[in-house]
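Protein chains in written order, with my numbering: chain A, 1426 to 1815; chain B, 21 to 263.
No wet-lab data here; the hints were simulated from the structure.
Just so you know, even glycine gets a beta-carbon here, dropped at the ideal spot from N, CA and C.
Heads up, a few of these hints could be off.
[As the list claims (entries may be wrong)] Quick look at which bits of chain A chain B covers, simulated, 3 or more residues with Cβ under 8 Å:
1. 1491-1498
2. 1601-1613
3. 1617-1623
4. 1677-1687
5. 1756-1765
6. 1784-1792
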Amino acid sequence: MTMLSDRQQLSYIAAQAADARLNVELETEGMTLNIGPQHPATHGTLRIIARLDGEQVVWAEPSCGYMHRGYEKLAEVRTYPQVTTLVNRIDWLGSFANEVPFILAAEQLMEVEAPPRAQWIRTILFELSRIANVSLFLGDLGVQMGAITPVFMAFRDREYVLNLIEGATGGRFHPNFDRIGGLKDDLPAGWVDETRQVMRKLRNFCDEIEDLLFGNEIFQSRMRGIGVIPADVARQYGLSGANLRAAGVDWDLRRDQEIALAYDQVDFKVWTHPDGDCFARCWVRLQETREATKIVDQLLDGLPPGPIMAKVPRIIKVPAGEAWVSTENPLGEMGYYVVSQGDLGPFRVKIRSASFNNISVVPWVLRGVYVPDIITILASLYFILGDIDR
Amino acid sequence: MPSRSSSVVVRLSETPDSGETAVAALPGDGLREAIVDTLRAALGEQLIDSHLIPTTDLWVRVHRDAWLRTAEVLKGAGFDYFCFLSAIDWMPSPWGRGEDDPNEPPPERSTELQWGYTGGETRFQLLARLNDVDRHVAVTIKADLPDDDLVVQSWVSVFAGANWHERETAEMFGIDFAGHPDLRNMYLPGDFEGHPLRKDFPLLARMVKPWPGIVDVEQMPTADDDETAPGPSADESTGDTAS
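The following block holds chain A by itself, in its conformation from the complex (with noise of 0.2 Å):
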């Protein structure tokens, strides 16, 4: 934990040299903030102690759990199709995205594959769930710097692509619509044409985003060379996602490694970043989105037809064995560590979510940081609360 960069040392060194020079006259006295559970910054429950030496941060920790539901327990009481239900509830603004990596867990010990179509729908709402998920948090970026206009184009976007979810699998925020071996149901008429109509706005989504925040003097001055987090720290703490892809790491799970999902059907680039700062991470998001929309319009270019659901069993039975499985979610890589012993449900189930160990570093990354930039730090890693707290 000891770990600092150059930059936050030679910050802090001289924040301390600075306030020695003052105490002659002025003395600074130490203070614990607290921020959270309730605070907008954090949006949700999560409770940052930051100790401050004047305005500079001394030593912060968050403090999670208080969203702990016990995911890990309740699955060990359930069968593998009720397990969806649960694990759509850990990151709630991309929820599909949590199940696909799940039902692959399961499929991967039954040896089961789902139908190519099945495939192909199952990549297309993983997108979209990513879409919806990161769109809010560009427009919630705007809010956390006081710029309120990007968060109501937001909402209003994001509606469209709600709708597109929900269209296809009836729930808006809790799809459940994954099965072991396929898909709960065919896409309804008409949602490929309105699909790609949505794609084009939300692509006008993310230029109205770049103009109005990204290339906004202000907003690149609060996000500029803040919060650093260099590649190798980022791997030390598990930085997945966007946060990793920030730090010039070049590694997306959509594209490296073998997966029955169909991104090595469609063309597309991984964004990286060499900066790690908190700009850098936003940035690459909005790269992300935008890139996500274009792989929606190439599955739908080239969604093939045939079956939905593969032959399994009415009872499913899982057989003997341990599985991982991890998919690049919206916050980062998302994986279950299944633990099958031949039952109707799963003997251990280990949710690695990605939120979790991009938390971690903030006690790291805090360090040496002044307290306006907390909120910008906090907001660039992009946390969901159910995703740390499981």
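Since the structure of chain A is already known, use the hints to place chain B on it.
What follows is chain B alone, placed relative to chain A:
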């Protein structure tokens, strides 16, 4: 409205820089076997077993004393991405899935420990996973912990990110991590008694009232009588339990 031609899908193969960032090929099993060899050379007898599912994944089981050394060796071998750390309690739950009918005598349950890949010797097994994000390969590491001495060396000195994972494992399984800077509870209150993810910790929601599924009128179909209609006996049992 911005006048960008954003509605046109740009095929990424046409972008000029797509050629220079060549993506590494997905790992073969040769690479996975090489990792096992590296570990065997470094740990010797303390690498107990390994399990490879071709083109899918790799498991290794090491001796508890080599837990920290394994992390150091793997980090040196390029596995510098910390994925997760947790544990498994291999004891079968004394309550099954918590769906027993309270009016029936409790069913006989096997208490035999049945381990997964790479086997096991004790009830508690550590479980961790490290990735090599450049070569796109990962390894799952296991280690047995004796019941009377649930202590293992902390990984925090090698992977700072193990800090929170070890705190979570400590409170959920009661495993002590020697050398951890701050092993406070992560989720539970500080004075909470018991370790919730141990199999002998009851899930209270299933204990305080009978599982509603046991009075379900529809019988679960079995493999051979798929067409059997729900029998009247199920309805009777509903009445019994309700009274």
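Status of the hints after comparison with the structure:
For the stretch 1491-1498 of chain A, the stated coverage by chain B holds: 4 residues have a C-beta nearer than 8 Å to a C-beta of that chain, and at least 3 were required. Coverage of the stretch 1601-1613 of chain A by chain B is violated in this model, with 0 residues showing a Cβ closer than 8 Å to a Cβ of that chain against a need of three. Coverage of a stretch by a chain is defined here by at least three residues with a beta carbon nearer than 8 Å to that chain's beta carbons; for the stretch 1617-1623 of chain A and chain B the count is 0, and the condition is violated. Counting residues of the stretch 1677-1687 of chain A whose C-beta sits closer than 8 Å to any C-beta of chain B gives 4, which meets the bar of three, so the coverage hint holds.
Counting residues of the stretch 1756-1765 of chain A whose beta-carbon sits less than 8 Å from any beta-carbon of chain B gives 4, enough to reach three: the coverage restraint holds. With 3 residues bearing a CB less than 8 Å from a CB of chain B, the stretch 1784-1792 of chain A meets the requirement of three and the coverage assertion stands.
The structure does not agree with the numbered hints 2 and 3 stated previously, though it agrees with the rest.
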